[in-house]
Amino acid sequence: MVNVLTTAVNAVMISALYALVAIGFTLIFGVGGVLNLAHGATLTIGAFTAYYATAALGLGIWTGTLAALVVAGLFSAVLYLGMIRWVQDEPIMVMILTLVTSIAVEQVFVVVFGTQPKAIPSLLPGQLSAAGITVQTNQALTFALSWLLIGALIVAVNYTQTGKAILATSMSAKGAALVGIESDRMYLYTWLLAGALAGVAGVFLGSFRTASYTMGRGPLVLSFSIVVLGGIGSIRGSVLGAYLIGFLEVFVVSYVDSSLSGLASLVVLVVVLLVKPEGLFGRELAEA
Amino acid sequence: MSEDVTTERSTYRDLLDPTSLALRHKLGLLGLVAIGLLPLGVGPLMALKLTGALYFAVFAMSWDAVSGYTGQISFGHALFFAVGGYSSALLNLGWGVPPAAAILAGTVLAAVAGIVVGVPALRLEGPYLSLITLVAPLILLQIFIVFSDIFGGELGLSSPEALLTFESFETAITANYYLAFGLFVFVLVLLLAVTRSDAGAVFTAIREDEDAVAAAGLNPAKFKIFAFVLSAAVGGLAGAMFVHTPSVGSPQPSQLLVLTVSIEVIIAAVLGGMGTIVGPAVGGLVFYMLRDYLGGLTWTVPVVGVPVSELDLLLFSLVTLALLFFLPGGVVRWAIRNGRRAMRRGEPGADRAVPDGGERVEDLRTPLERTLDSYDEALRDRLNPQEGDRPTPQEDDHER
Numbered sequence: 355m356v357n358v359l360t361t362a363v364n365a366v367m368i369s370a371l372y373a374l375v376a377i378g379f380t381l382i383f384g385v386g387g388v389l390n391l392a393h394g395a396t397l398t399i400g401a402f403t404a405y406y407a408t409a410a411l412g413l414g415i416w417t418g419t420l421a422a423l424v425v426a427g428l429f430s431a432v433l434y435l436g437m438i439r440w441v442q443d444e445p446i447m448v449m450i451l452t453l454v455t456s457i458a459v460e461q462v463f464v465v466v467f468g469t470q471p472k473a474i475p476s477l478l479p480g481q482l483s484a485a486g487i488t489v490q491t492n493q494a495l496t497f498a499l500s501w502l503l504i505g506a507l508i509v510a511v512n513y514t515q516t517g518k519a520i521l522a523t524s525m526s527a528k529g530a531a532l533v534g535i536e537s538d539r540m541y542l543y544t545w546l547l548a549g550a551l552a553g554v555a556g557v558f559l560g561s562f563r564t565a566s567y568t569m570g571r572g573p574l575v576l577s578f579s580i581v582v583l584g585g586i587g588s589i590r591g592s593v594l595g596a597y598l599i600g601f602l603e604v605f606v607v608s609y610v611d612s613s614l615s616g617l618a619s620l621v622v623l624v625v626v627l628l629v630k631p632e633g634l635f636g637r638e639l640a641e642a
Numbered sequence: 003m004s005e006d007v008t009t010e011r012s013t014y015r016d017l018l019d020p021t022s023l024a025l026r027h028k029l030g031l032l033g034l035v036a037i038g039l040l041p042l043g044v045g046p047l048m049a050l051k052l053t054g055a056l057y058f059a060v061f062a063m064s065w066d067a068v069s070g071y072t073g074q075i076s077f078g079h080a081l082f083f084a085v086g087g088y089s090s091a092l093l094n095l096g097w098g099v100p101p102a103a104a105i106l107a108g109t110v111l112a113a114v115a116g117i118v119v120g121v122p123a124l125r126l127e128g129p130y131l132s133l134i135t136l137v138a139p140l141i142l143l144q145i146f147i148v149f150s151d152i153f154g155g156e157l158g159l160s161s162p163e164a165l166l167t168f169e170s171f172e173t174a175i176t177a178n179y180y181l182a183f184g185l186f187v188f189v190l191v192l193l194l195a196v197t198r199s200d201a202g203a204v205f206t207a208i209r210e211d212e213d214a215v216a217a218a219g220l221n222p223a224k225f226k227i228f229a230f231v232l233s234a235a236v237g238g239l240a241g242a243m244f245v246h247t248p249s250v251g252s253p254q255p256s257q258l259l260v261l262t263v264s265i266e267v268i269i270a271a272v273l274g275g276m277g278t279i280v281g282p283a284v285g286g287l288v289f290y291m292l293r294d295y296l297g298g299l300t301w302t303v304p305v306v307g308v309p310v311s312e313l314d315l316l317l318f319s320l321v322t323l324a325l326l327f328f329l330p331g332g333v334v335r336w337a338i339r340n341g342r343r344a345m346r347r348g349e350p351g352a353d354r355a356v357p358d359g360g361e362r363v364e365d366l367r368t369p370l371e372r373t374l375d376s377y378d379e380a381l382r383d384r385l386n387p388q389e390g391d392r393p394t395p396q397e398d399d400h401e402r
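Chains A and B, in that order, give the protein sequences. Heads up: the first sequence is residues 355 to 642, going by my numbering. Heads up: the second sequence is residues 3 to 402, going by my numbering.
Same shape as in the complex, but just chain B (with noise of 0.2 Å):
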């Protein structure tokens, strides 16, 4: 992927304060807010899918913070995702765990699967690397096969304990709801603020050119090891947690294990943009809730007559092999320096040149910009009362 790599630095002071946030930064908090308060207007079937949607987003993230950013393709990642999971049914079937201890057990587990991935990954490099995650997980089919009465085979197991128990359908629905959105925001912040950090940046080199980190003093083992870890304890986890909500996941092969999760995970992170935390996000959001939704299409499509519910899978996969070819970044980046584009258009004057590169004094800013603003400075004055003339960010950042 040789997708340009924003390198904004932002100081942890400019991360907690809202008002000087970008705006696409904004409206990745609206959208965030949004999620928070749909299972409020959409019934508990809906509730119950965008549960799923959540778990499916965050192990698409997972599958991000290694491959997206190191480069190290991993093409099995349902391995991280199965062991979290399996692991904690088992504990909590076989030996009663509780459900609470039996998926961090199953995170712990996933994280050392990491470790048995991520070593190699010392050793062989790119499409090898690759291989070996491809082939891990269906080893780890087979032996599921082999030992049936242990793993089920490829019915898998029986639902362990739910997480959250209520006596009502309806509250129990939404509690698990907020337990994936939880996890959803948990993570976002955990992986944006680990690939957005110093470490990040080694990551993002380590793709581009591994050497050259070396050449550098850096070892890139170390931190390839650190991704593979990192992700496989993710994924594992929310493995572990979806397996624990019911009527959303169970541990079968058919949903934690099977090539084509493997598969659908890419298709959602290279959907939303790989290499941006934040794309996968939404991609994996998108991509299950828009599979969900063809899955239940009775239309048929004239031609060939077929319906499009049988034709889900392929669409996605033509839709990103077009995506990967036309618009290799994803939606995320696309929107973003699309809207970007788009906003300078808006303003009047922009096709006017600017001498020595200096900024325009009259007010450019769109109806948005506006309102936002004006929020900004409202929020200002309730924070920081006694700084009523503080300057503007803008010119706070010349300052600095």
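So that you can see chain A by itself, here it is in the shape it has in the complex (with noise of 0.2 Å):
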């Protein structure tokens, strides 16, 4: 019993990070609409950020975060400003060079930082116990600042103005136009706020494990199924989403067999495209 509690404890700490990677993506096809298959090296680059702050430069992990947070979401921006402003009518286009760039970006970090996995020190070492059962530290943190960001990001779209902007131009970049809004400014600030969270997110996980070139790759697939189970586009079906996706792994790992993992929500996301591709939360895109 304890056991199906430790793990329930730990699908719900690794969700909350799933959380945090899949409300990036989440953003940005729902505002933008396209798919930013580079969102995974976002943040492998948020990871390998703080590993060479703590490594190299030897500053601390919390600075290393916050530079992972800066690295990571200045990024995304430059690549939007940089590459798919120019060609986010053709989605196809938006997928081709994101795929690219995510090769190249892994490649840049095999170049510099070889292909062995490196290990990022913990934001909080110890471990925390309570009724039986314990859990690291750094996982509750995750946990917590991923609801704390979750939070501020929901209070931010919904009550403040860019918020609302943002959210308009989501609904229809036409409607959002006509009433003087920049739609051009609301995608930057998408993509510079999804590649931040991207950023901490890679910290977390390159914590909980190690930092690889290839480390992207996992959480973004996983970011696929959330969303799409979720609704694209929508917050509070990414967070469920998340949830759903991350027991269903743990508990795939856990008691079915280890080397499934990956395959559940694999399949996941391909009923859920076939069967219901709106997914629980979703809309049909408004409008091209």
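FYI, nobody ran anything at the bench for these hints, they're computed from the structure. The structure displayed is predicted, hence computed values, not measured ones. Misleading hints may appear alongside valid ones.
Here are some chain A residues the structure puts well away from chain B; computed CB gaps all over 12 Å [what the hints assert, rightly or not]:
id	residue
1	Leu359
2	Thr360
3	Val363
4	Leu420
5	Gly480
6	Asp538
7	Thr568
8	Tyr597
Have a look at the derived ranges for each label pair, beta carbon to beta carbon [as the list claims (entries may be wrong)]:
id	chain 1	residue 1	chain 2	residue 2	range
9	B	Asp151	A	Ser608	16 to 24 Å
10	A	Lys630	B	Leu166	16 to 24 Å
11	A	Lys630	B	Leu329	38 to 46 Å
12	A	Ala498	B	Ala203	56 to 64 Å
13	B	Leu192	A	Lys630	35 to 43 Å
14	A	Tyr513	B	Ala217	51 to 59 Å
15	B	Ala218	A	Lys630	24 to 32 Å
16	B	Ala203	A	Thr568	40 to 48 Å
Glycine included, each C-beta is placed from N, C-alpha and C at the ideal position.
Hints in hand, dock the two standalone chains.
What follows is the structure, encoded as structure tokens:
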């Protein structure tokens, strides 16, 4: 029984991390209408920024996390400004460009850091124990931080001027333009935001496991599943999707077969795409 | 891809008559002949590499038939390559099926995989379909890992029997080269014929505006499935023959299935020129050989201190990004367009205005054209001795 409980707690922790990754992914798709296949690469950039800051520059991991947030956010913004902005009317072109970009980023890390996995220190060392369940403090922090960021994002989107403008753009870029919202700037904000969230998620993922040049691929594919399951463009759908997929992953690995890791969520993705492509909370894209 | 498409119509008689071909087609034929003669001039090691390059080019062409023409971008084309290669190898290793029959079965199974992926194409559009294709090979790879005892997991299977066996090592290499070359030519001709037919025109129309195709009374789904099955069968055939070529291909995920294989084929096709068939053929050959060349370089880049051999995929992805951005039509289209312009510029009086669009009467041909034309004439006399005064191809066009 305790075993099941521990597994469940682990699932909750890892789901919080997936939610961070998936929300950025869904923001870009929901607002800009394009799939950013370089999202996993952004996460890798965050992880390696933190690694570089701690291992090579000797900075603390908290500073490293801040650096990861900034660098990953900037990378994402530059990617949008330098490339995606010019082709965003062609979703396929965006997919090819971001996919090739992610390969290029991976290769840069292979060249600079090699193929060996790198360890990233925990943000908070030690363990927490309650009711017979032991949790890494680091994981608990991820959970808390994830909900803090999700809460802040929901508040920002619903109650601030800029947030409302982003929401309006996601509903109808034309309508938003008619009331004087610059959609290009809103797209830039979402890319920046998504990049920063992915950067932080990368640091946590790197400190749970290790940082390697292919570390972004798994979370990217998981984000597909989460976002498609939750409904593309829906933040609450993504949070719910992240927990469903997170639980599915952890329980399949713990109780069925550890070699099935990754397969369950892929199957969910295909089934949802075929049966209910708009997902749980999704809507059809309002306009092209 | 909003690249303009050449819509020249030519009858099959024109295609079969070498004297009526445009300059670029003649150059293409010359290129084919050159590829056919290559093993005579290079060593066996190079011939082996070229064999691999030919299979990769076939694979790139199969990607182009579905992605370049119908615009249903497949991010997981390695799936078909792997289904063909693995099933053929398994049949041969597990049940002792002779290689030729195993290859046929592998091709059929790959076509079935094409139906499995192509049918969702009925329901899903653009990015969603690409998502399915991206995920399908990942699922297959997971299955291979779960059932490692059958599929050999990440290490793959041992090499199956060779399709062609010879006593002498050199003969085997040359024979395998020509086998690959034969497949290359066959697929090139097949895909050119399909994409230049009326069905090909519908493919392009689906890419540009699917609703318009449906409005014209054609069923886009039917054409999409056809494109997928054709492409999958060709990809599977290439994969199956590839694994039965000793010292060139083997049934391993790293050669047939991993994500980078799917992306490499996109890079190669985009470099050459999506939606042309010839472009991906050229792109595939060049990509494979250039990567091999870069991989063998020991020269170290000065500032970062990294050998070029480790940078090959990085360099290619950066070049692809630049090309996609600045030359989205690919190298082959670019070369044809600039070639035409250069030839026109070389003509005397090219900058002179011509009244009422009429044609200039002086002999304005470039030396290359004149040489080719004189060959034409000789060839024409040989082919049709009784019609010595047949009109020239240009005039022929006007009559029709």
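To see whether the hints hold, each was checked on the structure:
1. Leu359: 28 Å, holds
2. Thr360: Nearest chain B Cβ is 25 Å from Thr360 of chain A, so the label holds.
3. Val363: Given that every Cβ of chain B is farther than 12 Å from that of Val363 of chain A, nearest at about 26 Å, it holds.
4. Leu420: Correct as stated: the minimum Cβ-Cβ distance to chain B is 27 Å, above 12 Å.
5. Gly480: With a cut-off of 12 Å, Gly480 of chain A remains clear of chain B, as the shortest Cβ separation is near 35 Å.
6. Asp538: Since the minimum Cβ distance to chain B is about 18 Å, Asp538 of chain A lies beyond 12 Å and the statement holds.
7. Thr568: With a cut-off of 12 Å, Thr568 of chain A comes too close to chain B, as the shortest Cβ separation is near 9 Å.
8. Tyr597: 21 Å, holds
9. B:Asp151 x A:Ser608: 16 to 24 Å: About 23 Å separates the Cβ atoms of Asp151 of chain B and Ser608 of chain A, which means 16 to 24 Å holds.
10. A:Lys630 x B:Leu166: 16 to 24 Å: 50 Å, violated
11. A:Lys630 x B:Leu329: 38 to 46 Å: With Cβ atoms ~40 Å apart, the hint holds.
12. A:Ala498 x B:Ala203: 56 to 64 Å: The hinted range 56 to 64 Å holds for Ala498 of chain A and Ala203 of chain B, with Cβ atoms some 59 Å apart.
13. B:Leu192 x A:Lys630: 35 to 43 Å: 39 Å, holds
14. A:Tyr513 x B:Ala217: 51 to 59 Å: 45 Å, violated
15. B:Ala218 x A:Lys630: 24 to 32 Å: 31 Å, holds
16. B:Ala203 x A:Thr568: 40 to 48 Å: Roughly 41 Å apart at Cβ, these two residues keep to the hinted range, so it holds.
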